[in-house]
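Number of protein chains: 2
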Amino acid sequence: MKKLAIERRDFLKVGGGIVAGAAVGAVGSHMGSGTDLTALASSQGLSGDEASAALQTVVPPGKYDPYYMFASGGHSGQVQIIGVPSMRLLKIIPVFSRDSFSGYGFDGDVDGVIRAGSDPAKSAPLDWGDTHHPALSETAGQYDGRWLYINDRANGRIGMIDLADFKTKQIFDVPNIGSSHGGVFVTPNTEYAHISSITPRPITDNGYAPLERYADLYRGFSTWCFVDRKTGRLVPEKSFQIELPPYNQDLADMGKLASDGFGFLNSFNTELALGQSDKTKDPPIESGASKKNYDYLHVIDWKKAEKVVAAGNFVMRNGMRVVALSVAVSEGILHLVPEPKSPHGVAVSPDGKYIVISGKLDPFVTVFSIEKIKDAIAKRRYQGKDRYGVPIISLDAAVAARVKLGAGPLHTQYDGKGNAYTSLFIDSAVVKWTLGSDSGTTDKPFTVLEKIPVHYNIGHLAIPGGDTVKPEGKYVVALNKWSLDQVQKLGPQHPVNLELIDIDSTPARTLSSLPLGGSEPHYAQIINIDKLNPLKVYAPGTDPATMAKSQYATVAGKERIKRNGRVVDVYATLMRSHFTPEQIPVTVGDTVRLHVTNIESTENATHTLAVPAHNIQVTLDPGEVVNVEFKADRVGSFAFYCAQFCSALHMEMYGWLLVAPKEA
Amino acid sequence: MKKLAIERRDFLKVGGGIVAGAAVGAVGSHMGSGTDLTALASSQGLSGDEASAALQTVVPPGKYDPYYMFASGGHSGQVQIIGVPSMRLLKIIPVFSRDSFSGYGFDGDVDGVIRAGSDPAKSAPLDWGDTHHPALSETAGQYDGRWLYINDRANGRIGMIDLADFKTKQIFDVPNIGSSHGGVFVTPNTEYAHISSITPRPITDNGYAPLERYADLYRGFSTWCFVDRKTGRLVPEKSFQIELPPYNQDLADMGKLASDGFGFLNSFNTELALGQSDKTKDPPIESGASKKNYDYLHVIDWKKAEKVVAAGNFVMRNGMRVVALSVAVSEGILHLVPEPKSPHGVAVSPDGKYIVISGKLDPFVTVFSIEKIKDAIAKRRYQGKDRYGVPIISLDAAVAARVKLGAGPLHTQYDGKGNAYTSLFIDSAVVKWTLGSDSGTTDKPFTVLEKIPVHYNIGHLAIPGGDTVKPEGKYVVALNKWSLDQVQKLGPQHPVNLELIDIDSTPARTLSSLPLGGSEPHYAQIINIDKLNPLKVYAPGTDPATMAKSQYATVAGKERIKRNGRVVDVYATLMRSHFTPEQIPVTVGDTVRLHVTNIESTENATHTLAVPAHNIQVTLDPGEVVNVEFKADRVGSFAFYCAQFCSALHMEMYGWLLVAPKEA
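Just so you know, the sequences run in chain order A and B. 1 is the number of the first residue of the first sequence in my numbering; add one for each residue after it. 1 is the number of the first residue of the second sequence in my numbering; add one for each residue after it.
Just so you know, these hints were derived from the structure itself, not from any lab. Here the structure is a predicted model, which means the values were calculated and not measured. One or more hints might be untrue.
It does not matter which identical chain is meant; a pair holds if it fits inside one copy or across any two.
Claimed, not checked - 27 Å max Cα-Cα, derived DSS-like pairs, lysine-lysine: (1) Lys-549 - Lys-374; (2) Lys-451 - Lys-279; (3) Lys-558 - Lys-279; (4) Lys-549 - Lys-489; (5) Lys-374 - Lys-558; (6) Lys-489 - Lys-531; (7) Lys-279 - Lys-662; (8) Lys-631 - Lys-279; (9) Lys-404 - Lys-372; (10) Lys-631 - Lys-562; (11) Lys-474 - Lys-489; (12) Lys-631 - Lys-474; (13) Lys-489 - Lys-470; (14) Lys-303 - Lys-451.
Produce the entire structure from the sequences given, and follow the hints as far as they go.
Following this line, the structure appears as structure tokens:
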């Protein structure tokens, strides 16, 4: 066996002239005088701009992208990692959906992440999600490269990914909220991961109420999920919610520096439109929810709420500590500020001083000042209360500026140089404009500097560090929703379209276009890869659920099959190109528990255990232990095999699961 | 409602200076004299080769890739479409695995494709697969752009994708085979789609036999799935199998032109190794299956088999017509040819004259001549029979040449100029060598011309049309199995690595590297996009399962809810930005049947219907109808919504599923 186990290092070869890794940072001394790039570009039909862009975005073999974009996968339920500026899709991390490539949900389900991710009191057993807003964990307002959180827009859940091994470790089905949008956004030291409802939900015991009772029985909830700073896990019993009026709370953002301790949620449908029905003459939601000229920005003092909860001033609702709406009002936790009609994006500036609201039906962005808001609260400069008694701060008392950008402003990111970049959905553009004079800009404050066209209707946009206290600037990635003319001959379903824009140059330049199939990268954060420090291989015998040694870890020579009544425990190992044991004889009806250890210590030496006719596909990275339990309820001879092409003798890496009939 | 429904065309803008589509073929007249590409490349740290490669692979915004690579997704169970030369991932087509992005398996399951894709007599309800070998349908030996077939290596199944809409329409769980490898390969006019077992399976009634009975009770099967040339669907009742000895039949390829009518399957483990067990002193499979110096190429005369089956000389086995091994021998359907030790790849040359076998433990490729094989069969130049009575053609009588390439040759493709390209797994290289003097080469026949290094252990490789009668050459894509130094800081699981190689230049040049996450592109075919002619939108009210008008198609104004006892039929429409109806009131325990029509006719105007707390996520392209049936077994108020960002008022595109308790 050992003789034939070919060590990969033995036959690793490096491409001709392209020394892997070593060429990083090489300067242009290799540029042969014989290379006429201008003539080549010409013969390829490239304009000067196109040729330059190619040279600015290429990451040749063996070199690395300096940034990774962690993008949601939208209703694929996944997270995607895209190299910037090459825009190559480097990794897919399944979160809410099962994935047989990584074995996620087709094995022991890593501590039952997906299974534990649907609360039966709230949800059917779910195996999809609509990932929207990834949130890298932060320390002092900057990405720290430790964990990633992301919401399931469809079902009001949060997934937690450990950036030690880039695997999903936890899904929390948040009580009291259904469809969610205001998540995940983390506080500056990842004290909390925030998620809030987008459509309110009845606060009745059974979660149902007729729409006639919408105003009095439906409620929104702002959820503050406590993060264990050792493990990154969400701790439900240390978390709390704040009850909100039944508006559609939309996007959220967390205060930082000047606004640390506050959370900001905008809203639409403060009209409480219910849509058309046979019984009423109500208009459809899209017009019913667009009647009023103002909706409300929700200003939440979470540090105050934390104290109120600690003092015991909460009610328990479905296992969650909830600050009642009346308490949120009486304790000064919740204030409203009028914001123009049906806004969508809310984005706090790097210094925390400004909260930028984009109203999709308003050509202006509204810039609120946290200083003014705090002052208005202190001086009770209210224009009144809403029907639920929540004080409404006077618009004039809170606004720092209104800046006219164009049609359909949605989201804003920052470059760290005093500039804001706002996406315009309807105009299909990104607008660069200045913040206040205290923001570091040398241009006139609150002024449009540039309008950068993009090909299609843009939703979110992302700048490296663009939502932290220290943006790096350099690029904007436009996350466009359509891609009509960017690809052809792919059938009726088009990919979404990402565009990479160079914002170091003036004017800004579109460098490349990435029509990306299979997902909707809804929102993204871009991190400098220097901030990441993942494992290369697991310590031998690691259970990824605990990151500690598994009690089922097996070493070479200790493989065994143990029968205890109708339960068969198999302690197996995998290495190139061999399963041990190779024959697993059981009897129909047995419960089989496979405890599988990948005993490789070579980086990248991943194996899988695939069992035909069974829905089992386990992927094991070097050092990893996975446990799979199944009932052998099907008589037959099944040739299990490694589905990861691992070595020259990969085809020979198989064995036999023999399920004998009872009479045998 | 209509007033607010914003037409996308109204706000479509085209990027500044980058006119979508129009720039295709533009020559370098835009190259400004101010653009010093050499200086720019230098400042980017690029060598001349790297800069040239960037210019040769870039596809600027609004231009199109001339080729699409249809690549398997390996154990992701999907198919991927990658643009060549940009190497952008343009589309993912789920086949064996559910996918909430496209709604596949989360809706009515498009005619129950996944549900119908597991035969309960053979398999547990499966929702994963291990896609290996995509096969584009062919007419006269060339891709015709109509359908794509792909095998599930794990479970012996074939998926069929319709290239009218790029959706999976059928999964056939092939009887009598478990794990499969020799599929899918189509005959030159797509008469049949071939799939064969890789590990044999007991021919007992219950599919079980102890390994002691391996030689007499286990068998391989070569399956010839009949294709309906109108619909592309596999027709089980017109298909047949040929019983084979219990060797591990590995890769297959179909004859063409000179070898039309034949199929070729190589094999390993003709030793019948079973692996280690407590009872025997057998060696592990990897060495037990590598003892003999020769295994057998299986030469199958499928046209003869077709006649034998038509004459009724078959047995029925689990619903499949099977030509018994003894009949295959007596009728001259099956012959064996010795092939060097544990081969892996078999690849028929464009003219059909040569069959190239790569033995992974042999530094030579063995080139068989169909002319010689036919002659040997006619003259019965046999060296004996195997233990099952199958005649073995003398090696010398069949071989045209043996060409020494290097360590670990696996797979071969052709450039249409008389050259073959063979991957070397162990050497990490692609070798260019010449075929016989009748192949069009002007170089010395059967001679190595060039050894092209790749970064990592390469499995398959793909050339545009490289497995057809008319390869286009131009590029080789190396599908490498590892990517160790091509990416960093991604955790223990690395992406596989694709490399694009320019074979128009001499020497060949590596142009780019694509570490591609989330899948294993195991094998790929590359098609010129001119051969594709998909739908842009569906005709109004189309059911993709039939491509005809659905009986449930609903037009605007005819939306309705009909109750019949405990069954509630909802005829709904979707358009920007509105569901009709917006309120769906039912009672717990009702069976709800949603008949949903996307009434858009604008290209790319896809919507979805996502239902919180339920495992429902339907994606509908323009004109498409989907039916979803579920039991409303959960009391509550659920805000269903569109998960595809479709318009400025996308957030307002939702409605209410109200599941009242019985007493309400």
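Results of checking the hints against the structure:
Taking the shortest alpha-carbon separations for Lys-549 and Lys-374, neither the intra-copy value of 50 Å nor the inter-copy value of 61 Å comes in at or below 27 Å. Taking CA atoms no more than 27 Å apart as the test, Lys-451 paired with Lys-279 passes in neither setting, with 47 Å inside one copy and 76 Å between copies. When the C-alpha separation of Lys-558 and Lys-279 is checked against a cutoff of 27 Å, the pair qualifies only between copies, where the shortest distance is 17 Å, while the shortest distance within a copy is 71 Å. Proximity of Lys-549 to Lys-489 under the C-alpha cut-off of 27 Å is restricted to the inter-copy arrangement: shortest distance 23 Å between copies versus 50 Å within a copy.
Taking the shortest alpha-carbon separations for Lys-374 and Lys-558, neither the intra-copy value of 66 Å nor the inter-copy value of 53 Å comes in at or below 27 Å. In this homomeric assembly, Lys-489 and Lys-531 come within 27 Å of each other (Cα to Cα) only across copies, at 10 Å, whereas the closest approach inside a single copy is 40 Å. Proximity of Lys-279 to Lys-662 under the C-alpha cut-off of 27 Å is restricted to the inter-copy arrangement: shortest distance 21 Å between copies versus 62 Å within a copy. Proximity of Lys-631 to Lys-279 under the C-alpha cut-off of 27 Å is restricted to the inter-copy arrangement: shortest distance 25 Å between copies versus 52 Å within a copy.
When the C-alpha separation of Lys-404 and Lys-372 is checked against a cutoff of 27 Å, the pair qualifies only within one copy, where the shortest distance is 21 Å, while the shortest distance between copies is 80 Å. Taking CA atoms no more than 27 Å apart as the test, Lys-631 paired with Lys-562 passes inside one copy only; the shortest distance there is 16 Å, against 43 Å between copies. Proximity of Lys-474 to Lys-489 under the C-alpha cut-off of 27 Å is restricted to the inter-copy arrangement: shortest distance 21 Å between copies versus 34 Å within a copy. Proximity of Lys-631 to Lys-474 under the C-alpha cut-off of 27 Å is found in neither arrangement, the shortest distances being 55 Å within a copy and 52 Å between copies.
In this assembly of identical chains, Lys-489 and Lys-470 lie within 27 Å of each other by CA distance solely across copies; the values are 22 Å between and 42 Å within a copy. In the homo-oligomer, the alpha carbons of Lys-303 and Lys-451 never lie at most 27 Å apart, since the shortest distance is 38 Å inside one protomer and 66 Å across protomers.
Hints 1, 2, 5, 12 and 14 from the earlier list are contradicted by this structure; the remaining hints agree with it.
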